[in-house]
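Engineer: Residue numbers (our numbering), protein chains in the order written: chain A, 1 to 329; chain B, 1 to 286; chain C, 1 to 235; chain D, 1 to 379; chain E, 1 to 251.
A portion of the hints provided could be inaccurate.
[Said to hold, decoys possible] In the EDC-like style, the derived pairs of lysine to aspartate or glutamate whose C-alpha atoms are separated by at most 20 Å in a straight line are:
# : chain 1 : residue 1 : chain 2 : residue 2
1 : C       : 130       : B       : 172
2 : D       : 189       : B       : 219
3 : C       : 231       : E       : 92
Please keep in mind that the hints were generated in silico from the structure rather than gathered at the bench.
If you want the building blocks of each chain, they are given just below.
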Amino acid sequence: MKKIFIYTVLLILLVLAMPLVLSDFGINLATEIYIMSIFAMSLGLIMGYAGMVSLGHAGFFGIGAYTVAVIGQYVSNSYLLLLISVVISGLTALITGVVFIRTSKFYFLMITLAFGQLLYVLFWQLKPWTGGADGMSVSAILNLGFGEILSPNAFYYVMGVAFIIAYILLRLFVESPAGKITKGIMENEARMSALGYNVRVYKLLAYTLSGALAGFAGSLYSYFNVFVSPDLSSWTFSGQVMVMVIIGGVGTLFGPAIGASVFICLQNFISTYTERWPMIMGAILVILVLIGKGGIIHWLRYFKDIIFLRKQTDEGAPQNQVKKEEVVN
Amino acid sequence: MSIFLAQLLTGLAYGMLYFMIAAGLTIILGVMNVVNLAHGTLFMLGAYIVFTFISDELNFWIALLISVLLTAVLGIILEKLLIKHVYGKELEQVLLTFGLSFIIADVVKWIWGTEMQTLPVPALLDASLSIGEMVFPLYRLFVVFIGCLLALLLWYLESKTRIGAIIRAGVDDRAMVGALGINVGLVFTGVFAFGAALAGLSGALGGPLIGMYTGMDNEILVTSLIVVVIGGLGSWKGSFISAILVGVIETFGKVWFPSLSMLIVFLIMMVVLIIRPQGLFGREVA
Amino acid sequence: MLELQDVHSYYGTSYILQGVTFSVSEGKCVALLGRNGAGKTTTIHTIAGLHKSKRGSIRFKDKQLQSLSPHQISHLGIGLVPQGRRIFSSLTVKENLTMSARKRKANDGRINWGLEKIYELFPVLKEREKNLGTQLSGGQQQMLAIGRALMTNPEFLLMDEPSEGLAPVIIDQVGDIIIKLKETGLSILMVEQNIALACKVADEILIMNKGKIVWNGTPDGLMKNEEIQHKYLGV
Amino acid sequence: TSVKDGSNESKSSSGTLKIGFILSQTGTFAPLSEGIINGFKLYLEKHDGMLGGKKVEIKVEDDEANPQVALRKYRQLIHSEKVDILVGPISSSVVYALRDEVEKDKIVLIDANAAGDDLSWSKKSDYVYRISFSNWQNGSSAAKYLANNVGKTAVVLAPDYPAGKEVLRAFKDAFEAAGGKVVKELYPKLNTNDFAPYLQQASAENPDLIYAFFTGSDGIRFVTQYKEFGLKGQIPLAGTLEFGDELITQPAGEAAEGIITGINYSPYLDNELNKQFVQAYEEKYGKLPNIFSVQGYDSAAIIDKAVTEAGSANSEDLIKVLKGISFDSPRGPITIDPATNNPIQNFYIAKNKLKDGGIVPEVIETVENVTMPETSPFE
Amino acid sequence: MSLLKVENISKSFKTLQVLYNVSLEVKPGERHVIIGPNGAGKTTLFNCITNLLPIDSGSIYLDGKEISKLSPHHLVHLGMSRTFQKNNLFGDLTVEENLHLALVAKKSYRYNIFSPLASRSDIKKETNRILDQWEISSRRHIKVKNLSYGEQRLLEVLLAMASNPKILLLDEPTSGMSPAETAQTSEMIQKLPRSIALVVIEHDMEVVFAIADRITVLHHGEVILSGSPEEVRNNEMVKEIYFGGGAKQHA
Ligand SMILES: Nc1ncnc2c1ncn2[C@@H]1O[C@H](COP(=O)(O)OP(=O)(O)OP(=O)(O)O)[C@@H](O)[C@H]1O
Ligand SMILES: Nc1ncnc2c1ncn2[C@@H]1O[C@H](COP(=O)(O)OP(=O)(O)OP(=O)(O)O)[C@@H](O)[C@H]1O
Ligand SMILES: [Mg+2]
Ligand SMILES: [Mg+2]
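Let the hints inform the model, and build the full structure from the sequences given.
Structural biologist: Here it is, written out as structure tokens:
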């Protein structure tokens, strides 16, 4: 509980401090990173805490984005619209999840890929509603009750807040009984069942939450980018988020957010400086795997631990006692 | 009637192409449990290598051999240098092979440029057969033939040698296989190289049909992943059947449900996985 | 034949083997006893190369083992029946047996273990030949693990709790089998919890506690020494 | 003042002109992007790196053919690089995404390739000017000739995506207006590896001709498979300008022979400017230019002319002169139609001939000054 | 009235029939031991009772309620819990976390997605009680996969007991344990409150005779005898197929 509090305060400070050092474009990029971080965290939730690796998560993102674009033509209340997005994407996750969670591991990966592709084609072919492959402009304007949000700075703060809220909600879930149980199911499904848990309910719960959150991210993105196209649900986009989650660190909440930031910055800046960006990007991924400790966040932790441990030894570390006992039981 | 037969044959030939493309992936993914996202890129590389050596006035067949050898060598290098660090770590494999595919694809673009290319059909097979009133390219029949040959080879390796059992055991419990006196590292390198060589081979043989262009690697990859999954992991026979199934259904789908043509392979996969969550021939997961 | 000299092993920072010294001579069976977590399995793994020791020397027929990889050690003629069986779950019973099969190199008149011989020893494996290894009952898996090790035709067998999960009547059989194996010239290092079995087949008993060998002697010696039994084995 | 910290004020006063490119350098559109860049750079080189009397600095961004990425790159070019003019995208979905933004930010976008019809109709913007051609132009140009000289019934094929549909509807409109009849429309998915089932269906209709629009590798496969399945020589094949372009005819080789196309450019066009252009291009890049190189070249040309005429790179000044601007291009005279912001240009009915092992589109007839209707005839 | 009643169940894997009309009755609080040669079908019987494997025919009642179609997790809530012959734990979690997972199963807040588990004091207390009782408090932060085999066996039993079952099925609880741990576990089992009925598969005869009220002997999937320890000990057939000559060790 205390941990949540500290992290939240740190995050708030971060959100507040960033505009001081960023340029216009930097603010824009940071806004996008917040949204992508929410998206990556939603995938990180099922990957790291439920063992479900999805290659169709952009499907939910697309649902959220298109909901704002399409229904936003008729509904102007932003809160209502966001709620509708979240409900639609959550419901879709719930319904498809019932079928999908019967498959496991790689099969799950592939069936979700098919799901994402299905939505992609749907958005592509329902031209009268979605603008088809050419995409459509978003007419809805974000208004949270204190005026229309149009300036980059306003967007920045709104998305920053959304990111923090998403983080807190996820943190609560992960620490909650249901979250811990879901993690247990990821470790050993059969045993959890034998211990008396209805494993499918928990998997479905996680999948639904994750889908709803991805939809939420998508709807924010729609407001931000004011243009939607089927690419939002393409498998390459799903693949990118997956990469974000992995490079950030699977099994942590914040890792995927870090992964998203790093990935987007790399993708953006390397390609600006060289046409050979795929090669450099690829090399970075390879290097990350080879020297990685399972994600960038673990490096941060590693550094933190170094500092932290030094402190402890200064105080005459109580941890050492445990260590000694471990030597031989 | 004759158009029906023609389309059946078309589908079959196309399915065999799928099988060739997916074979290397099946082995690496299904047997070694390594997700090789660079498979499509190796396919592409295979085609480009043939392209290069043909332009050097070499015979198609010699160029093909060179392509297979070079991709195999690349496979060895990759395994020894990189892949061997990520056995059993699926997510790291994803990242690593994804990165590799980026790199290789960009190198290909660097060397061969962005223009689209095709491989000429080898002179020997550059003819069309007239079957009744319809015309069918000989080269496609040749692809069917090679597909069958490949299936035969895989069948031989699996049932007449211990190699298949050793690899599967190695995936189950690598240390234990070592303790039984088998050099697991060597076996895995060999298998990875074999898979890479198959990618190269299918690229060389598929080149005249599909051509080469930037971005093709992803399409090839997705297609082969789908074929493998429909068939069921760990079963090349499954891939064989599923490739033909996908080829035939897709061909007829183009005619009967033209509006679904973008989706059809994905739909097949979805339906199969809903009915059989472990694929057609996959082992049931306990 | 096998000689450990002051072997030290760690898992990370946990100090497990704290200077283990013993030897097994040719054609003998040595039993290693001790409480759970004493380090017996670690000892076996260290010999088989599955775990690297930090210090000390392990010699087998005049060869140093520490720097060798498991498959090289196996090729020197050391077979392993691991704790918990570690049957390959995606292989059938038959594949489990044949995948590692090796013919005996030297023609020294000992049994050349092959599929037929194993099936003779454990007929039930033949009946289940086509089943996946993990579809066997616990005891059957144990037989399979022993069979699998024999298929490599070792000169030296490491057995980690071979009687675990076996019915008494089968334990008797295993005991007889071990004695028979010994008669064919095989040397054995066996970790056991079943003291009766250990005493029945072993020529020498070692007791390990907290990573050290704390007692060694003959089976008779152990049977007579109630204090040791009580102190280290909790009997 | 330097460009880096430049704001609006620096744009007009500075001697440097900063041009941002949003192209698709990865993926299937890579060769198109490369052609455009090459053409643009060639023009620059010929003019000492100056356009409209200003030193030019260019910045190229890769949109991966994805509007979402394109928008991010766009923001970077505008906010961070502060470019004066954009030259843009390959794909229509990207141009539609950018359209609203450039309008908002008042930045001139020279559309160097995206062919979506609506950009000239319902989504026309004062800030967006197309230099290439529209799907409508591409589809309709050869229709009359085909109906009058080749045959009255046609099976038409195009990929199942907006451009495919737009090209075919334009063709059908014009073809049927000229007395022809489209008997079947087939839409394979984008990136179809195997056209056999479609070819089989098409030939089953026994049409007088088959008309097709396929780009990139789809185009190569379609043309080669047309031959492999024995249709070549049986049913005449006609197509859009893509089928007369080096990108497809070169790899397709012999299979592309005999196709009748409506092209707006070929390196073999007989005019003085083209001869110079082709020679210079071959010298610099070691290969023949194609339509995309010309689009790049013309993008530079139009900027050059517009900035000169406007006397500044200020958007508001530029859009005043861009409407109705005309200049000579290697493909012939070009005028930007103020009604559609789309170029009025010549199309050439050509037939692919085999010459020295390569394919040369031989011009049969010139259709002069092909325009677009002012509003969509389909609504 | 019996607590668990297994009536004529049969089970086969493809062509291999493993259980033939097996019947079994366990009264509340009874200690029922199942013995039989390897491969007799004991574990399969457990798997059928807990519905990890569907039965081919027959019926199973718990407290008079037919349970053969209920899913495994449902059974836990009816008061039936089990251990596995092969350790089946959460290797990457610590001992403490393993226990937490086992303890929450019956809590009403197991579906709660907001309030942190760590702040639940009841779980903490129960965990501490178990750790202290079994003198493994020092191991609480160790990842389970790093425990020795015998320690893992103990944890296996503790997890099953955590749900406070009415009936507990133990599959070879002492296999792999040293004589010391075996004795300790045997003692623990004996000390379990009589409110828990036990069905135990066991090969260690000392343990069997120490705990059994009743013994059922399974052979080739058939019950060949079900009776008191005395009856079983003296049965010639059981001696032959099961005890063997080695019976002397526990005579
Ligand atoms: N991979 C590992 N990492 C860390 N510690 C380990 C690991 N494996 C074993 N240990 C620890 O090493 C000690 C010795 O383990 P070992 O498996 O050798 O015991 P053992 O004598 O074989 O016990 P048992 O009779 O229970 O099998 C134990 O305290 C155990 O917790
Ligand atoms: N999934 C399965 N598929 C096929 N056969 C199986 C399967 N599970 C068990 N068997 C077979 O059923 C028989 C009974 O197995 P079971 O595990 O019930 O024996 P057990 O009595 O528990 O033996 P042990 O004391 O050795 O553990 C064995 O012959 C085994 O090979
Ligand atoms: Mg052990
Ligand atoms: Mg059993």
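Engineer: So, for every hint listed, does it hold in this structure?
Structural biologist: Evaluation of the provided hints:
For the hint pairing residue 130(C) with residue 172(B), the CA-to-CA distance comes to about 18 Å; that is within 20 Å, so the pair holds. Between residue 189(D) and residue 219(B) the CA atoms are separated by roughly 13 Å; this keeps the pair inside 20 Å, and the hint holds. Between residue 231(C) and residue 92(E) the alpha-carbon distance is near 33 Å, which puts this suggested pair outside the 20 Å criterion.
This entry does not satisfy hint 3, going by the numbered hints stated previously; all others are met.
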